[in-house]
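*Asks:* Fit chain to chain and form the complex, with the hints in mind.
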Amino acid sequence: MTEISHLVVYVNGESVELAAASTLSQLLAQLEITTRHVAVELNLEIIPFEKHAECVLTDGDKLEVVTLVGGG
Amino acid sequence: MAIEIDSEQQVADNGALKVGSFELSSRLIVGSGRYENATVMKECLELSGAQCITVAVRRERLHDAAGENLLDFIDSEKYILLPNTAGCYSADDAVRVAKMGREILRALGNPGADWVKLECLGDSKTLLPDPVATLEATETLVADGFQVLCYTSDDPVTARRLKAAGAAAVMPAGSPIGSGQGVLNPNNMRIILEYLKDEDPDYPVIVDAGVGTASDVAQAMELGVDGVLLNTAIAHARDPHRMAQAMKNATHAGRLAYLAGRIPKRLYATASSPEEGVIATHPYPRGK
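Quick mapping for you: the protein sequence lines, in order, are chains L and X. Per the working numbering, the very first residue in the first sequence carries number 1; after that it's consecutive. Per the working numbering, the very first residue in the second sequence carries number 1; after that it's consecutive.
To be clear, the hints were calculated from the coordinates, so they are not data collected in a lab. Note that the coordinates shown come from a computational prediction; the quantities given were computed from them, not determined experimentally. A portion of the hints provided could be inaccurate.
Unchecked claim - The list that follows gives simulated cross-link-like pairs (lysine-lysine, DSBU-like), each with its CA atoms no further than 35 Å apart:
1. X:Lys125 - L:Lys62
2. L:Lys51 - X:Lys42
3. X:Lys99 - X:Lys78
4. X:Lys99 - X:Lys197
5. X:Lys18 - X:Lys99
6. X:Lys99 - L:Lys62
7. X:Lys99 - X:Lys42
8. X:Lys125 - X:Lys42
9. L:Lys51 - X:Lys265
10. X:Lys125 - X:Lys197
11. L:Lys51 - X:Lys99
12. X:Lys125 - X:Lys99
13. X:Lys125 - X:Lys18
14. X:Lys197 - X:Lys78
15. X:Lys265 - X:Lys197
Okay, chain X solo, but in the shape it has when bound (with noise of 0.2 Å):
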């Protein structure tokens, strides 16, 4: 008789990604960005699967402002938007945006008004994080009362400074921004990860940025972060909408063997039929 997991089961392992005072049925969350156009965007995050969309704040165009808005194409009603302060270079820079975002978020009544996916930038080439400046951010946000997701480097100590200054969760990037490269440092993930959840199991870690392809999302998963944030890879696929459903499987397959456990690694094989009545004859002495 088949073993049947069921189905609260399946939710515990694969949905339910608590951050903060929010609680997510998907543990992959999408951004909305550089997607060919505005339909294969929608059909794109359907297929994910996700239920947190992040989304970035840009000048009204004066000359335009009746065309098409991005808010025709997402379902406020269905999705928590999560809106970034990408393209910042400074900690007064973030903080503005991240309270403009947080007032068209009021304005929407969509939930997403209470948080905010903190990018600081430090250098234009890299993307890469200004870890002061995101630390300094992370403050003022969290004593204006906002639950602050970080995107920050791999490095464990820098993860560890944002958590005790209150971020609701740290997102540590696999790789740079839209470069495609996976989780180039799995060892520092690891760290991160003990670092984080000692003594606070619960404590969202989230991959965010770098990962290429659906192996990337489950390696991430299988190391035992809560959950992966990705645009680029399925925006800037051959075939966006099949990628879209692939990161949504590899979330929950990466996740599912994460709590399966995986076997040690070994240099030696060990045969998965018995040797006990095996009908042959052994060309080398036992053991060698």
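So that you can see chain L by itself, here it is in the shape it has in the complex (with noise of 0.2 Å):
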């Protein structure tokens, strides 16, 4: 069996490729994502941010990051 060197996680619905063992954290850092304005939702669960930094994902994750944008 060969070691995973990556894998595959899908942000918004978009792939997004990452070293293998990395962190939510790693992740928001990699799409250079200010942590402070963000939720991130994980297979349909909140992330709390206190927790981003011990979240290890794992391939095939689904994600949603959101932000606040203008409205009424």
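*Replies:* What follows is the structure in structure tokens.
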């Protein structure tokens, strides 16, 4: 069995390639997203910002990253 | 000697809009959408005097994430943000978006994390609410600890059901969102106020959507609603800065007029100057 060197996750419907065993914090850093301005849902479950660093992603994870925009 | 209304009384008249655990200094709540640019938005929010600003929750742009963010232009230390569930057409989607909004505001440390402006739309052309989905989402969100401000139509029965489901405020639309038609059915607003405030006079009713100009805001406030929420009327005015000030003044004027109590409408005139001592002959016998 070969060791997995990378994984693919889906962020807002787009595939993103990551190093194996990446955390949510590392994903957001890779995407240059300001953590303080977003909420992240992993497979329909919100991950509180305090837990981003310990949240290890697995291949095929589906994430939604949302922020605030102007609205009425 | 002129009678002065002390500043404490003025605060009581104009400010202190209480919704759930929130107390707002202005009865005007304004949205942050549809402005020409973020700088105009920021200036208009300031001029409106509003303390509470509505915001929407949307997907982060992955390829331009380091670009402008709304939060670069709204001081989250100064304003209480009210996240909405705009664009949701089901209770499930609205609940999901409400939770995402709560998480963003929690990370920001903004007190608005505790509440949500619930929108469950039923139709994309009118943007009228789906009353069944709105009620269902209200129940779910209230059970989850949210203070729910419900966008709804001006139907008094639905308004009563939403209050009974635990809504922190009921927010009937004056007319369809962004339509600028004003309060189309003031009688329904009167009935909503009667139903929701009976034995609970402090229960907040806020006109949300449909106002086009300052007189619409004043009319709503004169009916006795606790506040007005608007967005497009300022953002799309020819001069948004002036309109923001007009809306602020109209909110104050309408509130003061409501508290002052309007005179009844009469068919015939009543003279403001005394008839006694008048130097004139009367063309008709008295009373004709």
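*Asks:* Against each hint, give a clear statement of whether it holds in the structure.
*Replies:* Results for each hint:
no.	hint	result
1	X:Lys125 - L:Lys62	holds, 32 Å
2	L:Lys51 - X:Lys42	holds, 33 Å
3	X:Lys99 - X:Lys78	holds, 23 Å
4	X:Lys99 - X:Lys197	holds, 29 Å
5	X:Lys18 - X:Lys99	holds, 23 Å
6	X:Lys99 - L:Lys62	holds, 17 Å
7	X:Lys99 - X:Lys42	holds, 26 Å
8	X:Lys125 - X:Lys42	holds, 29 Å
9	L:Lys51 - X:Lys265	violated, 63 Å
10	X:Lys125 - X:Lys197	holds, 32 Å
11	L:Lys51 - X:Lys99	holds, 16 Å
12	X:Lys125 - X:Lys99	holds, 26 Å
13	X:Lys125 - X:Lys18	holds, 33 Å
14	X:Lys197 - X:Lys78	holds, 31 Å
15	X:Lys265 - X:Lys197	holds, 24 Å
This entry does not satisfy hint 9, going by the numbered hints stated previously; all others are met.
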